Amino acid sequence: MISQAQSMPGNELWSRVRATAMNAATCGALQPIQTVVRYVEQAGIRFVVRMLEGAAGRAAAQQRLARATIERPASENPFLPYEPALFVTDLSPTHVCLLNKYPVVNHHLLIVTRVFEEQEALLTQADFEALWLCMRAVDGLAFYNSGRIAGASQRHKHLQLAPFPLDPAGVDVPIEVALGTPQRLGEVVESPHLPFRHALVWIDGQPGDPDRMAELYGAMLHFISVWEGDNARPKPYNWLATQRWMLAVPRTRESIEGVSINALGFAGSFLVKDEAQLEWLGTVGPLRALQAVSNCEASNFGAAPPAADAYDR
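Residues 1 to 313 in my numbering are what the sequence shown spells out, letter by letter.
Keep in mind that the hints were calculated from the coordinates and are not lab data. Keep in mind the model is a prediction, meaning the values are calculated, not measured. Here a beta-carbon is modelled for each residue, glycine too, at the ideal position from N, C-alpha and C. It is possible that some hints are incorrect.
Said to hold, decoys possible - Derived DEER-like restraints, expressed as beta-carbon distance ranges:
id	residue 1	residue 2	range
1	Cys27	Glu53	14 to 24 Å
2	Glu279	Asp230	41 to 51 Å
3	Leu80	Gln125	14 to 24 Å
4	Asp309	Ser15	33 to 43 Å
5	Glu187	Asp209	32 to 42 Å
6	Val37	Asn231	25 to 35 Å
7	His222	Arg253	38 to 48 Å
8	Asn77	Pro192	34 to 44 Å
9	Leu80	Ser15	36 to 46 Å
10	Gln183	Pro84	26 to 36 Å
11	Thr283	Glu118	34 to 44 Å
12	Gln125	Glu53	15 to 25 Å
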């Protein structure tokens with residue numbers, strides 16, 4: 001079976017994403033979360049903080065986010081069946097590409113298994129093959145929230161792809177300035193600028209094929225001690241990937257002071273409910289928040305990061 005995505009050029013897949021988003025918005029299937037953008041600067045990183053917009057907007061957005069939560073009966077699965085208006089394309093015999101029904105950024109894609117698999121399960125070769133088809137067509141941040149503690153909103157396995165830039169001002173990935181310069185391509189390393197346990201692999205625009213991505217992914221999980229190998233279920237973690245690098249971070253908490261954090265937080269992008277959460281994040285600093293929800297026993301982990309330099313209200 002040859003999927004539609006396998007046989008179409010990358011620009012055609014991207015055109016289909018945009019057309020599907022336009023139609024889904026018109027019919028009401030797509031329900032974006034309205035936010036205003038603020039920034040918090042810390043340690044040379046300009047973190048993007050999206051805040052739910054207005055009292056009425058906050059109430060509506062929180063209702064939508066509640067409907068998208070993982071805490072629902074197993075019989076209620078938004079991906080089985082998926083909403084037809086959100087369907088973009090068949091990716092493979094095992095995966096489909098859907099639009100995120102409640103996006104914070106435009107054209108937010110979900111790479112979803114056709115049959116139910118647990119979100120806490122390891123990524124498989126089939127997952128990487130489906131993801132790679134999307135990454136060839138859409139230049140963006142791919143990420144995986146491994147279960148509830150890692151910020152997953154659904155039990156049904158799904159990877160995600162958010163097109164660049166994550167920062168409306170034009171910065172693709174805010175955290176990238178803290179990753180340093182590419183070195184030892186294809187090897188698992190750490191950045192001295194990230195004050196939490198992590199695994200970093202530079203691929204310098206050449207991710208290779210799904211086989212290579214899967215191999216590096218396994219090495220990264222071993223490096224951060226969340227997977228013992230074979231059929232063992234991994235501990236919670238976030239995994240992020242671009243055309244330049246891949247990053248994995250272990251997780252011990254889903255939130256801190258009411259601020260939920262998923263993989264996007266480790267890319268430098270946060271979502272807060274109101275001014276109080278924005279002020280807290282600006283006072284404590286995003287790096288401290290990321291520290292608090294991850295495993296901090298890193299070989300290069302030392303003193304706490306400096307407080308935030310500045311934030312706008």
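Hint numbers not upheld by this structure, sorted from lowest to highest
5, 6, 7, 9, 10, 12
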